[in-house]
Structures are given as structure tokens and as C-alpha cells.
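Colleague: Chains as they are written, first to last, in our numbering: chain A, 1033 to 1395; chain B, 6 to 247.
Think of the hints as simulated: they come from the structure by calculation, not from any bench.
Values in this document were obtained by computation on a predicted structure and should not be read as measured data.
Don't take every hint at face value.
Stated by the list, open to error - With a cut-off of at most 20 Å between alpha-carbon atoms, the simulated EDC-like pairs for lysine to aspartate or glutamate come out as follows: (1) B:128 x B:117; (2) A:1266 x A:1072; (3) A:1157 x A:1317; (4) B:131 x B:117; (5) A:1323 x A:1255; (6) A:1356 x B:156; (7) A:1157 x A:1330; (8) A:1356 x B:152; (9) A:1356 x B:149.
As the list claims (entries may be wrong) - Derived CB-CB ranges, DEER-like: (10) A:1210 x B:43: 43 to 51 Å; (11) A:1312 x B:68: 47 to 55 Å; (12) B:90 x A:1337: 18 to 26 Å; (13) A:1192 x B:78: 52 to 60 Å; (14) B:245 x A:1252: 36 to 44 Å; (15) A:1256 x B:43: 30 to 38 Å; (16) A:1314 x B:128: 46 to 54 Å; (17) B:123 x A:1359: 40 to 48 Å; (18) A:1258 x B:204: 56 to 64 Å; (19) B:245 x A:1288: 20 to 28 Å; (20) B:237 x A:1210: 25 to 33 Å; (21) A:1288 x B:77: 53 to 61 Å; (22) A:1362 x B:77: 51 to 59 Å; (23) B:138 x A:1063: 26 to 34 Å.
We put the beta carbon where it would ideally sit given N, CA and C, even for glycine.
So the chains spell out like this:
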Amino acid sequence: MATAAAHHTARAQAEGRDEAAQAAYEAVFDAAVAADERIEPRDWMPDAYRSTLVRQIAQHAHSEIIGMQPEANWITRAPSLRRKAILMAKVQDEAGHGLYLYSAAETLGTGRDELLDKLHTGRQKYSSIFNYPTLTWADVGAIGWLVDGAAITNQVPLCRCSYGPYARAMVRICKEESFHQRQGYELLLALSRGTPEQHEMAQDAVNRWWWPSLMMFGPPDDESSHSAQSMAWKIKRHSNDELRQRFVDICVPQAESLGLTLPDPDLVWNEERGHHDFGAIDWTEFWEVLKGNGPCNEQRITQRRRAHDQGAWVREAAAAYAGKQATRAEPPAGHTDQQSNGTGSPQGDEPAGTADEHGKARA
Amino acid sequence: MTASTSETATAAVLALGDDALVLSHRLGEWAGHAPVLEEEVALANIALDLLGQARVLLSMAGDEDELAYLREERAFRNLQLVEQPNGDFAHTIARQLYFSTYQRLLYTQLAEGPGPFAPLAAKAVKEVEYHQDHAEQWTLRLGDGTDLSHERMLRATEALWRFTGEMFQPVEGVDVDWEGMRAAWLESVGDVLRRATLALPEGPASGAWTAGAGRQGLHTESFGRMLAEMQHLHRSHPGATW
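Please work from the sequences and hints to get the whole structure.
Modeller: Given below as C-alpha cells:
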């Protein structure tokens, strides 16, 4: 009995120390965020900060991967070889962005396989915009101009996000995205100044993509569940509505120089606010698309799953071959390669490092 | 230049340009369907290299878009090999192995020669070495991976074998040692296949009447459908610029 009591006391003391240590870590973390320092993978961070980032970065990665589909839909039909090359390069960039972002998410102790599995089973989402179909060639331009434009407006502030790996990924991604955005604009400009049929095609695409692009900024501020905490942690720097307003103000003069109109009769310059007023967004449609009832939700996820499932034998072959090569290269005594089965292993109980490591990293 | 040498030159340019254009198109069909993200990047990268080569080559013969979008099936001069549908990943890799090995040997010779293709070949040979390496690595992984991947790689190398003979039918105006190239190709591909626990297929390298057919504008049935998709939008807007 005495032994059990001693155990109990020891544990209570240890827990007390843990709580004290926890409070100390939290203070260091809060101070780092307040001082605009970057949080790095080995630093202590609140569990909720970690899980919010995993969710956001993973969904960002998924959006790049699913976002390849509406554009890849036109690769085989691109109307000139120059446009075809631009489009292929863009879709390739998107796969690359997906890879950067999965890597950034992996620094938080999750695996790409695990994240892809969550995408495939609908437990993690991707941007609602990619559930709209690309019906004409002009849609490729509208996606570049409006969708990439909205993405950039959202993502440029993320280059200053408090989590280092995400911020650095965003710097690289934003450079390429702004290039894509200009190419999309230039594509629409060529159509707008082309034949009447081409102009009509461009206008129709802008009509269909305008409102969904505005929805990319997420629900209005008073309905955005994650916003306040994300802003406090400096993951987010501006509210959804602020960014949406900024985007509208940027697009209006660009539409004018394109010679195209935006499909909003309430869109008007407000001298007093120094901003454009614009019409009401159909939030019912937004929530429907988000729930899975958009025009292409089923198609997009089915194609992604099919590519993954049909590629399983290829990935298995690569793993089997790598295993054989490792065995061949090994001295007879043999040692197991710790790395080879590391992907996807649950690391949910991170941070696993010692207090010393954490202290050093933040000190 | 006399009309006939000019025609020869054009035919030679179209042969090489159409190979690159058509294979690029086939690889572009993989976008969004690859077995792993790294292959989305790699296949698109190869497709882009080939499209770049095609644009340079077709521009040597005329307007690249007119040549790509306004010729009928019978006017295309590409090998039947490159127009073959993607099939499964092994099929695509076998096609890549056969073609990139051929292209590496061809461009290496052209880069060293005095002909009109030397500047393009000198640049392209670096790209093609990468393509060949990519195909080789995947042939090894699939051939020497699992039983299933071995079986699929075997089937793919055999199914495409009958399209390999036409690669060494001399193209007028392309001044290389065709017989030497065939020997070097057999050695290189044979070596990769052996290391992949496979072997050079045994059947004929050409169909009964198809040797060199692609170079004469005789294609396989799926090619017309591929062109219909590729050319549809361009043809729907005559004279438009994009």
C-alpha cells in the first residue's frame, strides 16, 4: 500500500511539473507569435494550433490536386500549341504545389498517405471552386484570372503566416500563381479581342466563374468558425470579408480593361467607403457545394480515387523494388531500414522530443 | 533549293515533329490520372519537353498551329508507336522506353551532324536523356517489382513490340546510320529489359504490311479519334487567334 501511495505522490508531482512546463511552453509560444517570430516543426505548439494547421494545409494541398482536374480537362483540346504548353506547365505546377504543401503538413507529424486517405473518404475537404465544370476553353482563362486571382489574394498574407514551413511554401507558390494569373488574364484578353464568338465565350465564362470565385474567401465573418482563433495565432492575417473586398476592388478595373462585364447589377463604386459595393452572395449554393451537392463533387472525388486505386499496383511495385534493392545493397549481417516503412505511421503523440530540445529551439 | 529537296526536308521535319507532338499529346492525357503525384509532375514534364521539340520542328516546316490542327490523319508522319493509347502505366512506360531510347540515339547522331536538325538535337538530347532514364527506372521497378507488375510490364513490352520495327525505316532527309541505330537500340533496350528480369520480345517487330506505315501517313484506328479531340476547338473557329 505504501508503495502505491508513493507512486501516486510521485505521479502527482510529475503532473504538477508537466503543468508548469506546459504553462512555460505556452508562454514562450505566445511570445513568439506576438513578436512575429516563426514557429518551426520542432518547437512546442498548442495541440489546437497543430491540428488547425494540419487541417488548413492539407485542405490547401488537396485543392491543388483536385484543382488539376478542371484544367486538365482542356489539355487535349487546347486550341494552339502555345496555349497547350502553358496549360500543361500550369497543371504540372499544381501537382508540384500539392507536393510542397503535403511536405509542409508532414512537418506537423502527419503523413501524405494519411491525408490522401482523408481526402478520398471525404473527411477532409478541398476548395469548393473546383466543383464547378469547365465547359469551354474560356473557362481555362477565367480560372486563371479569377480563381488564381482569388487564391493569390488569400495566399499572399499566408507568406507571413506564423508557421514557418507553411509560410515558406506559400512564398514559392505565390510566385508561380501570380504567373498563372497573368496568363489567364492574357488568355481572356485574346478571346475578348478575338472574333465575336470568342468574345461571347469569354463573357460567358466570367459570368459563370465570378460568384464562385467570391465564395472562395469563405463564409462571411460572422459565420466563420475558425477565423478568430486563426487570426490570434497569426495563421490568418485578414478576415474573409476583408480579403473578398480587396479582391473585388482589384477585379473591377481589370474586367474593364479586358472589355468584359462582371455579372452583378449591384456592383458600384462607393466613394464614401473607398471600395466597391457588390451584390449578395448566394450562401445557400455555397453550403450546398461544400456539403457535396455541387455540379462536380462526385466526379472530382471519383476520378481522384480511381487514379489512386488504379495506381496502387504501381506504388506497390516501386516499394517492392526498393525493398529488393535495399536487401541487395545490404551486408549479410543486415540491418532494418527505419525509413522504409515510415510513411503514414501515426505520430499523433508528437511532440516526441525532450524538453531540452524544445527549450533550445525557442530560446 | 529545288522543290524536291524542299519537299524531302519538309517530310523529314514532319516525321520528327509529329513524333514529338503526338507522344506529347498522349502523355498530356495522363494529367490528373497518374498513380502518384511525383508522376503527375514527371509525365507532364516529359510531355512539355516533347511539345517544345514539336513546336521548333513544325515551325521549321511552316506555321506550327496550321500543321498541328489543320492536317488530316493521312498527312501526319509520326510513328504508329507514339500514337498508341496510354493503356495502363506499364504500357505507357514501355512506349516511353522504346521511343526515348530511339530518340536519344537519333538526336545524339543528329546533334553531331551538319544537317538542319543539329541545333535542335543538341538541346533536345539533354531532355531525352532524362526521358530515357525515367523510362528505364520505371521499367526496372515494374519488371522487378511484384508478380503483378512484372506480368503487366511483360505484356506491355510484348504488345508494343510490333511497332518498334518502323523506327528504323530510314527517313529521307534524316542523315543517320539507321542500321547502326537499330543495333544500338536493341542493345540498350535489351540491357534494360534483362535487368528488369524481362527480355526482348520474340515476335516480329513489324506487322505484315505496316513497316514504316506511319511515316507514309498510314495510322492505327485510335489515331483519328485522338486528332478529332485535339483539333476540334481550333477547327470550330476558322481563322481565329488564341
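Colleague: Hint by hint, which ones does the structure fall short of?
Modeller: 10, 21, 23
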